[in-house]
Amino acid sequence: MKTLRELADALSLSFRGDGDTPLKAVGSLANAQADQISFLANSKYTHQLQDSKAGVVILTEQMSADYSGHVLLSDDPYVTFAKVAQLFAACERPEPHVHSQTAIDTSAQVGDGVSVGAFTVIEGDCVVGRGCQIGNQVTLGRGVVLGQDCIIKSGVTIEAGCQLGDRCVIHPGAVIGADGFGLARDKQGWVKIPQTGVVIMGDDCEVGANTTIDCGAIDDTVLGNDVRLDNQIQIGHNVQIGDHTAMAGCTAVAGSTTIGKNCLIGGGVGIVGHINIADGVVVQAMSLVTHSIKEPGNYSAASPLQKTAEWRRNAVRYRQLDQMAKKVNDLVKKNQKETSNE
Amino acid sequence: MKTLRELADALSLSFRGDGDTPLKAVGSLANAQADQISFLANSKYTHQLQDSKAGVVILTEQMSADYSGHVLLSDDPYVTFAKVAQLFAACERPEPHVHSQTAIDTSAQVGDGVSVGAFTVIEGDCVVGRGCQIGNQVTLGRGVVLGQDCIIKSGVTIEAGCQLGDRCVIHPGAVIGADGFGLARDKQGWVKIPQTGVVIMGDDCEVGANTTIDCGAIDDTVLGNDVRLDNQIQIGHNVQIGDHTAMAGCTAVAGSTTIGKNCLIGGGVGIVGHINIADGVVVQAMSLVTHSIKEPGNYSAASPLQKTAEWRRNAVRYRQLDQMAKKVNDLVKKNQKETSNE
Amino acid sequence: MKTLRELADALSLSFRGDGDTPLKAVGSLANAQADQISFLANSKYTHQLQDSKAGVVILTEQMSADYSGHVLLSDDPYVTFAKVAQLFAACERPEPHVHSQTAIDTSAQVGDGVSVGAFTVIEGDCVVGRGCQIGNQVTLGRGVVLGQDCIIKSGVTIEAGCQLGDRCVIHPGAVIGADGFGLARDKQGWVKIPQTGVVIMGDDCEVGANTTIDCGAIDDTVLGNDVRLDNQIQIGHNVQIGDHTAMAGCTAVAGSTTIGKNCLIGGGVGIVGHINIADGVVVQAMSLVTHSIKEPGNYSAASPLQKTAEWRRNAVRYRQLDQMAKKVNDLVKKNQKETSNE
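Protein chains in written order, with the numbering used here: chain A, 180 to 521; chain B, 180 to 521; chain C, 180 to 521.
It is possible that part of the hints are untrue.
Repeated chains share a single entry, so a pair holds when one copy, or any two copies, can fit it.
Said to hold, decoys possible - With a cut-off of at most 25 Å between alpha-carbon atoms, the simulated DMTMM-like pairs for lysine to aspartate or glutamate come out as follows:
#1 262 <-> 185
#2 181 <-> 458
#3 366 <-> 474
#4 203 <-> 458
#5 516 <-> 501
If you are wondering where the hints come from, they were derived from the structure by calculation, not from laboratory data. Please read these numbers as outputs of a predicted model, since none were measured by experiment.
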């Protein structure tokens, strides 16, 4: 339980209404009860405010004008909501505990306050920073280094030599440091190129469930600080991703591409290899990026959704687009000639 | 071994030919032997019927007219084939067995006839319904509830608090209830929004290998009954999916989107967040759905395949499409004027 | 440590410079030190050659003309680099070791020199060829057959009955032989079709992290020899893939499709079910293949990337393309008539 006043004090914010309102959790406007705190950040949901049963709502000064309930005032209700939710979540942190059924090599250095789940393997020469929470059935390969307070969920594999900074969160099933897709073509067939680099990750990175980040082929694959990757993403070998860049689910980045800082990459995007994306680039969902992007800006490529019957007719025309463009240009030219002849 | 008559009786169907034909398995028309039962549902394969060595073939009355072999008659041979295959598969169900190397919390309630594989973890307060079959290296987080007769394959992670109905099947590597991708942007960088909801799944759902279904951010992510998800699908937080909806592999649904009942979503589809898809919508493979769909119907978006040399020319024109359309409209207008002037 | 002369001898190549140059690893042109060997294969990186500190560089005769350092001469530096890297990697192979905490069924046949990691399950009737290296938390289902010298990384699941040839490499989190997505639609809902086939894989195949290959519905899913699959790929039931075909990450192939030999399939590609792709087909990233391809060649479909503001205007026109094409054709016809009337 926390009171409205306690939350306001913790976040250096002001409030309106009864500071003693007791709160035990966050909730959505639609479903929160009197002991929950909610927020309004998207004007699409404004109509839910007056009917909300939330004990407290996080609002901007302006939004709060017409609202008579208890309010935590914030210039950015969404960020404040995130911080409030973190305050509640921090209370739920389990006691550190190393399960009895694990395989932790004696040469591994495991810091204070580390939890390790059942059937987890920590191989030789690993360094696990203090406060890390490691789930069940995890493998940390030889020489893996985790900074402090990392959370490695169940079923994660981190291959030998990879290094994570502090406070990284890796969700279930993610694979960090698997071999990149490096093949040379000989007359007889493919020759595998042993992948000898690792993955280096800064602080505060998050890697979604079943996301894969390949190790470098020779040099390393590098993520900066505060890089946020959703689920089912594929990051190829030797990719570099700048600080604060976030990618939505199912996006793939091919090898040796460099992505700048503060980029927002939508879901299902493909980015080819050996290109550079500038800082501050936004790419919309399901776009294919085939060349370097040198200017920050907002980019798109996906085809528009249509009724399939219409789509069939339009798709046929798409295949004739170059011909059509030539016809149009011919007509324009003739037309100009005629006009100038008149 | 089952005879043709036994199968016909079990499914309340009639047959033609020798009811005592012994059958031990299903088979394809092309490869089935005399002790196997096959089917013809796709007219593309009609030419294989006469040469098939199958002991029995499942056919419609009409299809069977020209066929002299033993026949199990059905209005829908494909459905009947599925049911016949289920009858054979039911015979192969292993004896219930809990492996000696597991970590099952003493507070977990495990029903009768439950199997648990090696190195599986069942955390505190879980409820596992009777008849469930749980594979190896599975994690059921604290308080997970499984209905009766669920099949959880090896390497699955179900995070704390998620609830599955009866007869759900979860394939290897699937992750249910990992954190949604919830981030607020502060001046310093991303602020993670603790994801406090769970995943609630109805009866008879199937979740493919390495598919991920995120927990809700505040409220829950909800799948109805008989929802069928193929492999490598990503379902974002707070998504709702109606009964009998099926999705093919590699499709992604972003957060807070609602999908109706009886939808068929093709492979590699992307569906953006915060939209609604009506009941009975069909979306073709690799389409991006960027807005709500209010009417049932068949929708497409993917670009048509072309020889790369042609594609290059057409793609350039695609980027000039708006200019081209303006030229065309200008020409049409001039032409109309000229015609009216004549 | 290997000398330049030793490497040249092992690969039957000639060299230039000091054959006694000691080398301990491969390196990139930009970062290699004096005890590393590098290569130049992509002319994009030629400018890095003169400044490279690499002890030896793999070059063609022609490329080496202006270079005064030690050189390993090769007609194909990239292939030679791959082979050199393999020679170094072969030195690092760990001693065979079966971990004390495993669940290996007594009926499994495990060959000489096999390594098995912690918390791995090898079920009844499995056959593991000599020299295989199996990681942690792996499951080999009943009757799985591995050829010689396979490498199965941590967290892999291979379902019952699947068969791999020699020297296959399966990366973490891959799932081989999970049920295909086979459903028949009855009035009440979906009827699952038990998937009774397996996956059969030839020699020298590689399967990327979190890739999934479904078992056959009735007959089998079949990969030839030297098939190379990157991460996060989905291969549906009864797919057949020919020798030496390679696919980049996040590509999906729907059920019963046949792909020829020596194909190169880009990343994020979708290939629909029940079609045939000829030998030697190249498909560019994020294309959807909706019909059989009978001729070798290079195929594309993805939409071109545009600034979102332009994209919006062009996408609207794309939906009107058929109308536009009709207008253009009308104008062309009228124009021809006028011209012939003049």
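- Non-conforming hints, listed in increasing numerical order: 2, 4
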